[in-house]
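Use these hints to put chain X onto chain V, whose structure you have.
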Amino acid sequence: MSGQSFRLVSGGLVDRDRALNFSFDGKPYRGFAGDTLASALLANGVRLVGRSFKYHRPRGVLSAGPEEPNALVELRSGARREPNTRATVTELFDGLDAASQNRWPSLVFDLLSLNGLVSPALVAGFYYKTFMWPAAFWEKLYEPLIRRAAGLGRAAGLEDPDHYEKAFAFCDLLVIGGGPAGLAAALAAGRSGARVILCDEDFCLGGRLLAEKREIDGKPAAEWLAATLAELENLPEVRIMSRTTVFGLYDHGIYGAVERVGDHLPEPAPHQPRQRGWRIHARRAILAAGALERPIVFPGNDVPGVMLAGAARTYVNRYGVLPGRETVLFTAGDDGWATARDIAAAGGKVAAIVDARGEADPARKALADKLGARLFAGGVIEGTRGGRQLDGVTIRDASGATMALACDLLAVSNGWNPTLHLTSHQNGKAVWDEALQCFVPGTLPAGLAVAGSAAGHFTLGQALEDGARLGGEAAAEAGLKPAAAGPVPMTDPEATALQPIWRVKGAKGKAFVDYQNDVTDKDVELAAREGFRPVEHLKRYTTLGMATDQGKTSNLSGLAIMAEQTGKTIPQTGTTTFRPPYTPVAIGALAGHHRGKEFRPVRLAPTHDWSKEQGAVFVEAGQWLRAQYYPKPGENDWLTTVNREVQAVRAGVGLCDVSTLGKIDIQGADAAEFLERVYINGWKALPVGKARYGLMLREDGFVMDDGTTSRLGDSHFLMTTTTANAGKVMQHLEFCHQVLWPELDIRMVSVSEQWAQVAVAGPRARETLRAVVDPAHDISNEAFPYLAARAVTVGGGIPARLFRISFSGELAYELAVAADHGDAMMRALMRAGQPFGITPYGTEALGVMRIEKGHVAGNELNGQTTPRDLGLGKMMSAKKDYLGRLMAGRQALIEKDRPSFVGFRPVDPTQRLRAGAHFIGIGKADIMENDEGYMTSVAYSPHLNHWMGLGLIKGGAARIGERVRAYDPVRNGDIVVEICSPVFVDPEGARLHG
Amino acid sequence: MAEIATVSTAVSWAPRGAWAGIAQPGSFGATGGAGVLATLLDGFGLATLIAAPGAAPALSRIVEARLGIALPQAPKIASGQAHDAIWAGPDQWLLRAASRDGFAGLLAELAPHGAVSDQSDARAAVRLSGPRVRDLLAKGVMLDLHPAAFAVGDVALTSIAHVGVQIWRLADGPDGSVFEILVPRSMAGSFWAWFTASAAEFGCAVTAAPVAGPR
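From first to last, the protein sequence lines stand for chains V and X.
Number 267 in UniProt numbering belongs to position 267 of the first sequence; there are no gaps in the numbering.
Number 89 in UniProt numbering belongs to position 89 of the second sequence; there are no gaps in the numbering.
Extracted from the complex, chain V is given alone in its bound form (with noise of 0.2 Å):
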């Protein structure tokens, strides 16, 4: 066990008395609770942490937060196995397994590291200059080879064990960053009564307040901080969610977070989440996210030990960790210097500060004295040495010359940059501030303010008072009565000029602009001079901003390159528009409980147990789960299992759910004038008692649903549609009530989920029933004739309907009850037909008895066929208007040889026909040419013995006795068949009226 060295013995918010063992590569080191796995790393001296993304030099942590370019690792292993995770805002756990990732065979010993020594292939661009020939490779060789070298971590492959959420939120005030100015604004907010939602990403609140020693009102912030703290937890509509991320605003006020429940846990605990994701609806809100800090680019800014200096300071003053034994700074403004005071402060050495402005200040040099500092004042940092870790550096001061000095860590200060990323995500634009040297908002969303360091206000003072101020409008907005504003608490002085300088020239060696996909100034030189200027050109070009950090380090330096080759000014050369999220969000957390068997809701029958009970095997059909079939014990095969059902039907009894057909029920005085408009055929003459087949069109001409709809009233109708298009048709018929016809007297509701229905064919159906109906009930051919459609009652009283309406050609009955009696329905009819070998059948066997007797269903009404197209144009009603007949009248959709209807077998009846096979006459080239249509759908007649298909081709019925080819290229098929009669058996349809 190493010791944590570089840890100080006091100091930081960490919990000494709470050690956390984790390891690093498979070694065992220890931390705090209140570390994050990079401030742990640091304790333990460990720099080298990762490997470049394409040159796979070393890496160290350059950061304290979100922006993390460099110590991307992976977290635990198998399934939770999660890459590119941030060290810096990982927070450590006892057991945290975490790995380095993109070297081969070691972070220390990377083979690929020789990427470096062949780096100028690898310029920017090099992709599309390296790798063009010959093109066949690209794929096959080159991609493969550039993704195994040029990689991040490796995602598990294994299905994720946790689960994720969705959840809603709304408030009066989202707050976004629990800073200073974040918590001011929450509060003032708070007071009034508001309801305000607080988020911040950390796990601790406080923001910066937590890595500096700042005053407030003479005492120790943490002190204010504490208190504000207390204050708001009381507050009953304030709600503080840490370990949350705002990734995302989107319209109307609405902002998409994740709350990392269950991250800073080896697993989640029982029954919480992994994450959740957040759709969060406020009325205000206010960005309080603070700024980012800025690097400089110089040879040598990627050696693990140089680092932010405000990170460093964080490392100081949170976690008690001091990240160098001896500091140089390097620093383009006042900023940097309470790193240096710091760091001294806590005991570290601080050899050297390098400021670039020119002459120091008094009072600057006063204080590097008394650091015992030497102070190179108009100085740069031009060099570093070391390879895995910092050495030292080469100072180049303000005559000139040259020198070098040891240190372990060169902390690095050029100003810093708003996190402003959410108020571009409704595409505002960011606008450059001259004085600030930086990018601050521009026009803000509807309902977003910008309070503190996120609006370009840097000091704590200014992040205090416009918390206040916004967080009370925000009150105000929300018709609440602000709270009395007591007074800005005071803060103690802080100095914030600055001189940034965007990068050091005239000195040698690889100087970094994006850390993460090892982009340096050269390859922005490139960039400009191969013509790749636009902001956008110039992302593509050489990749930078890209991947996990989307340049929040990197994109402004990129920028002021790009503008010192191009002649222009930073904001001529443009800005980055921030998308969401602003940092990676798993896919989980989006998903939330819908994935796997929960992607959508699954709708199950009524009677769906009991076919459970029969050993169902179920198939999709739209949201629902139907019976496919019911193999028995020793049928191996669905198509063994389908024969007998079939069979069974056929020569005795079968029954079939049809609860999931659609069932809308259609009242009013206009209800039979209705239907008359939506179906091709009419139904003003329909009796009551009666159903009838309907057919409708879609606007266009073209079938959109079938099925029966029985007149149980002179008003009063039920329609039945395909189990598929139920909802479509519910919202068709609606539209053409509500838009086309308002003035119809009807009212329309779906009753599908009302009634459980089930199908009983054969010979024996009647047989079945009249032990099932009551016996009031005449059900005799003569009293229930094919096609009534009657209330019944079953079981001694229970309300029930029968319909004498068949699919399978068979003598059959559709027989509904109330969906609490489905399954006493299914079992009532099976111990009826017992004596008859009742066999319950699937949507398969429906599908083969539907064929069989050459009925249309799914696969015909594809929506490209019309009515005439399926062999059913004389239910074209010529004495109505309906929708969709004059379209369907058009001039291409009756040419008469357009492909229609018609039944197809194969010459040699051992041969399997598919549906899908395209028809070309016998002799004729397989061109597109001599297309002459396709088969719609296939099945095996265990009638027939043979294979048996439905299709569409030219000329149709006429030619009824050729013979063609059915050819499938895609299935190696190619077989002649014989065009015949749709249908195969019963053609007279004696069964159905038996």
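Honestly, the hints are just simulated from the structure, not real lab data.
Just so you know, nobody snuck in bad clues.
With beta-carbon atoms standing in for the labels, derived distance ranges:
1. H281(V) x A74(X): 13 to 23 Å
2. P174(X) x A495(V): 54 to 64 Å
3. D144(X) x A155(V): 33 to 43 Å
4. G80(X) x A155(V): 57 to 67 Å
5. R885(V) x A58(X): 32 to 42 Å
6. E64(X) x H281(V): 29 to 39 Å
7. E743(V) x P174(X): 45 to 55 Å
8. A148(X) x P270(V): 31 to 41 Å
9. L170(X) x D251(V): 30 to 40 Å
Here are some chain V residues the structure puts well away from chain X; computed CB gaps all over 10 Å:
10. K213
11. R364
12. A366
13. E473
14. A528
15. E620
16. L787
17. G916
18. Y934
19. L944
20. R959
21. Y967
22. D986
Cβ coordinates follow ideal geometry from the N, Cα and C atoms, glycine included.
Leaving out everything else, chain X in the frame of chain V:
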């Protein structure tokens, strides 16, 4: 064809409610006090009521005379002794009776003035309460259910986990807000899968309300 002698069917026609095989009384999730209480409702009567053009006042008069409640003209629920009238759209309502036979002759009396359709078996219904009920519902309901935004008696047609639902708020109980939710029967299983996954962290006690009257 002559009538065939009936075969005796000694099968029970006992009804099987919408929650059968899906949810049953008991508890699940975190232990140590239930944050969410679910009461499975069954055996109620339910009918959709759609007014004929201009007939809404007539319908309302009949309902008021028979049940003592007026049909709400906004997304609200009006509750009487053993009945509720629940807004379901412009000129559309759900009528609920405490028992299956609880409508007596009412539906027939209403029928001339609109379309009345029995939906007693078409919905699975559950009453949800408990100290964490709003935290639970926040995981599925995309509406603001804060007491100030969704008052007692408010009704909404919305969705939970892609399942279309009707939800309303009843008078507060000992643990605060009480909601009832109607779910399409065929999707009760998917709804319950969402519910159990979402309520588990709060701990949940499930009970079945006694069925009132014959079904």
